[in-house]
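All chains, full assembly: derive it from the sequences and hints.
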Amino acid sequence: MSKTLRIKKGVDIRLTGEPALTCGDAPRPKVVAVQPTDFPGLTPKLAVKEGTQVQAGEALFYDKTYTSVMFVSPVSGMVKEVVRGAKRRILAVVVEADGTDNAKDFGAWNGGDRDALVAHMAAGGAFATMRQRPFDVLANPADTPRAIYVSGFDSAPLAVDTGVATEGRMDDLQRGIDALGVLAGQGGVHVGTRAGDNTLSGLNGCTTTAFNGPHPAGNVGVQIHHTAPINKGEVIWTMGLQDVINLGAFLRTGHYAADRVVALGGSEMNDPRHIRTVAGIKLSDLGVQANAGARVISGSVLTGTSTGEEGYLGGFATQVVALPEGHDPKFLLTEGWLSPGLNKFSMSRAYPTWLMPKSKQYTLDTNQNGEDRAFVVSGQYEAVFPFDIFPVHLVKSIMVNDIDAMEKLGIYEVAPEDFALCEFVCTSKIPVQSIVRDGLDALKVELG
Amino acid sequence: MKAIHNLIQSIKPHFEEGGKLSRFWVVFDSLETFAFTPGHVTHSGAHIRDGIDLKRTMFLVIVAMVPCLLFGMWNIGHQYHLSLGQTSDLLANVLVGAWKVIPLIVVSYGVGLGIEFIFAGMRGHSINEGYLVSGMLIPLIMPVDVPLWMVALAVAFAVVVAKEVFGGTGMNILNVALTARAFLFFAYPKQLSGEIWIHDVAASKAGGMLVDGYTGATALGHLAGTVGTAADQASAATMSLFADGGMFSLSNCFLGLIPGSVGETSALACLIGAAVLIWTGIGSWRVIASFLAGGLVMGFLFNLIGANAYMTISPIHQVVMGGFMFGMVFMATDPVSAAQTDTGKLWYGFFGGLFSIMIRVFNPAYPEGVMMAILFMNVMAPLIDHYVIEANIKRREKRLTAATA
Chain A
1 MSKTLRIKKG VDIRLTGEPA LTCGDAPRPK VVAVQPTDFP GLTPKLAVKE
51 GTQVQAGEAL FYDKTYTSVM FVSPVSGMVK EVVRGAKRRI LAVVVEADGT
101 DNAKDFGAWN GGDRDALVAH MAAGGAFATM RQRPFDVLAN PADTPRAIYV
151 SGFDSAPLAV DTGVATEGRM DDLQRGIDAL GVLAGQGGVH VGTRAGDNTL
201 SGLNGCTTTA FNGPHPAGNV GVQIHHTAPI NKGEVIWTMG LQDVINLGAF
251 LRTGHYAADR VVALGGSEMN DPRHIRTVAG IKLSDLGVQA NAGARVISGS
301 VLTGTSTGEE GYLGGFATQV VALPEGHDPK FLLTEGWLSP GLNKFSMSRA
351 YPTWLMPKSK QYTLDTNQNG EDRAFVVSGQ YEAVFPFDIF PVHLVKSIMV
401 NDIDAMEKLG IYEVAPEDFA LCEFVCTSKI PVQSIVRDGL DALKVELG
Chain B
1 MKAIHNLIQS IKPHFEEGGK LSRFWVVFDS LETFAFTPGH VTHSGAHIRD
51 GIDLKRTMFL VIVAMVPCLL FGMWNIGHQY HLSLGQTSDL LANVLVGAWK
101 VIPLIVVSYG VGLGIEFIFA GMRGHSINEG YLVSGMLIPL IMPVDVPLWM
151 VALAVAFAVV VAKEVFGGTG MNILNVALTA RAFLFFAYPK QLSGEIWIHD
201 VAASKAGGML VDGYTGATAL GHLAGTVGTA ADQASAATMS LFADGGMFSL
251 SNCFLGLIPG SVGETSALAC LIGAAVLIWT GIGSWRVIAS FLAGGLVMGF
301 LFNLIGANAY MTISPIHQVV MGGFMFGMVF MATDPVSAAQ TDTGKLWYGF
351 FGGLFSIMIR VFNPAYPEGV MMAILFMNVM APLIDHYVIE ANIKRREKRL
401 TAATA
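Going down the list, the sequences are from chains A and B. With the first letter of the first sequence counted as 1, position 212 gets the number 212 in this note's numbering; the numbers rise by one all the way through. With the first letter of the second sequence counted as 1, position 206 gets the number 206 in this note's numbering; the numbers rise by one all the way through.
Among the hints, erroneous ones may be present.
[Unchecked claim] Far from chain B by the CB rule (all over 10 Å, computed), these chain A residues:
no., residue
1, 25
2, 37
3, 107
4, 304
5, 325
6, 356
7, 379
[Stated by the list, open to error] Chain A regions said to be covered by chain B (calculated; three or more residues, Cβ under 8 Å):
no., stretch
8, 235-241
9, 294-301
10, 403-415
The set of hints was computed from the structure by calculation and includes no laboratory data. Idealized CB from N, CA, C, for every residue including glycine.
So this is what it looks like as structure tokens:
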């Protein structure tokens, strides 16, 4: 019987356009992209040129620091384009699929020691999705983490359903968990599950902890904090549930797996549902049909990237959401700050919607709902931030680049995603997530 | 709305860079954003945002002040007619009150927003909403007959010295409205201790029109007069005012039928405001509740000591007199100058309430203890937060030691 922990702080934002619990297969991808920008802390070095023929599982680029960690092509085909941004920074490596199943064979894993497993995973692209805390960056394969954490559910709005994502994949999941058990230090492998959901209760070789409560209870950082918080000097690795399944499949077959069950949702999404595809697929190939003028997001509405239908499914994204853009100015009496606000969602009780049942769904647009201001209101972040950390003070210490204060205030435990709700509720519309990212990067540079 | 929007858009070019009126861009921008929440969409981080903004927040604080404002207006007329021994009706009372209060509001907003516009223009940022609340608070804590030029001076001092030099809304250390009041108190002690709590009381007195024995002093003024004198007849006479049926009886103080600053007299109106602030979540219940607790505890302690007549006033009576309730609900809860941590808010409020009663009883030269107490706690708030945060840091260090041991 696993322990159940209650997370009190946070909020579930119920949006219209919830994905149905059905799951179909997406068409075969025609074009996929692997985007270095999806992996914080990565400095990519290209392994291919435009025009190179690659098999599925063949390296496209690798990390400058951890040169053994390969980022591989999810499909067989030809490198069509290396998209570069300012200062020739690599934004994406685009591969045009040839429609075949040619895949590089790394050989099925028959057991072996830890170093061999790390090398096997790194070469086959299965280590690329391993992240570490502190800093929330690509894990250093040379480290032995205290423990490895996997969040067994996503609590973000419109998130993918664990039952749908793991259907028929429990064997691979177990195989992945077993492999993580080889990699983890004395802390072992931890899986956080949603209280009341028994989908993952059959897993062996890991400690499962059930979490009860609103978002961000499904964030792995919250789960770490409430089981065994990260201290200065410790390293924890984290991996997404679907990435663990892919790891298991890779070890079983010897072929790189980038399968992804994606939740399509949002008020502007036609036919919101789950769909099975591969990471990096072009969203228009995925069959995403959003209404004209909508914002199409790869990832969740709180942490995702606005890509448009011509963008690609991000390296960690398990959702595609379409939201109405909020370009229209809102007149004060009808929709603005003096309006009754019967369709406005707010964590504060400034609009009467807090009297409505919690299950009421809202259609929210991308308007910022106010102008940028300095910090004024206090106590807002704390209400949605289930850590024993003072979020506002941590954010302020980052703003003034006070490394010492950041360390003392607990920056090792957090990732930008943990602050997503703080950013959502902020009256002063402060870009908290990017501030935290900057702070983590600055600290990483400082500590070498 | 479409028409208003089009009108605004049509005159916008004049205010933009290169336009004839570009120096008034700040004014235009603030009016435009006042009427229309701009169509800014999120560009980084969370794609959706909470419906609340600073305008809504500040607006709700003003809504919470409305009962105090309306009651204050009526009470000005009520007290005026009482001082003359006349009976009056609602309309007559409100008219007298409006005659006093509206100029105060106009001066407060005029001077304060004027300065804000200048600073915003200089710094090239848009007008912040902070002064919407301060500008309404200041008239409510002014004595009824305060000269308008003094108000203007106090507002200018408060906005420039308490707020803009620190960087504007959100950066100030002291509560802006209380700074204005404190400025008057220290700059014009003579004028502020005189007969200014009731409309035209000085003139009425000179004309011999006052009711016999009417002094026009506030409850705290009366009580301050008893300190230092033995429990003689004079203080006994004063204390009788506070007994049931007296001018400052518990019910009169609670309802606010007593002389005092414009909006502070009615504890009932303040509590309605508190209910609005707590209900909407804009004001911190921690500050309000602990402030009240602090005041009651100090009042109770004084009861136990009972060294003079002032100390024998019951704790409940203490907290409904003077500006205690108003300060508790609208001043102490200012999120910028209050403590920011949840635990810190409890200490901040508790000591604020404690000192309010302590100062008014111990130092009759400062009858309005709540003003001094809150300003003092504003200064102390960062220290309180510091200790709360230190405790958090210590906890983390302890965890590390335990893990490595």
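Outcome of the hint check:
Separation of residue 25 of chain A from chain B is adequate, the least Cβ-Cβ distance of about 28 Å exceeding the 10 Å criterion. With a least CB separation of 13 Å from chain B, residue 37 of chain A remains clear of the 10 Å interface cut-off, as annotated. For residue 107 of chain A, the requirement that its beta carbon stay farther than 10 Å from each beta carbon of chain B is met, with the minimum near 39 Å. Some Cβ of chain B comes within 10 Å of the Cβ of residue 304 of chain A; the nearest lies about 7 Å off, and the non-interface call is violated.
The non-interface label for residue 325 of chain A is inconsistent with chain B: the shortest C-beta to C-beta separation is roughly 6 Å, within 10 Å. At roughly 13 Å, the least C-beta separation between residue 356 of chain A and chain B is larger than 10 Å, which holds for a residue marked as non-interface. With a closest Cβ-Cβ approach of about 6 Å to chain B, residue 379 of chain A is found to fall inside the 10 Å limit, against its non-interface label. Against chain B, the stretch 235-241 of chain A contributes 0 residues with a C-beta closer than 8 Å to a partner C-beta. That does not satisfy the three-residue criterion, and the hint is violated.
Given a C-beta distance limit of less than 8 Å, the hint that chain B covers the stretch 294-301 of chain A holds, as 3 residues qualify and 3 suffice. With 3 residues bearing a CB less than 8 Å from a CB of chain B, the stretch 403-415 of chain A meets the requirement of three and the coverage assertion stands.
Comparing the model with each numbered hint stated earlier shows that hints 4, 5, 7, 8 do not hold.
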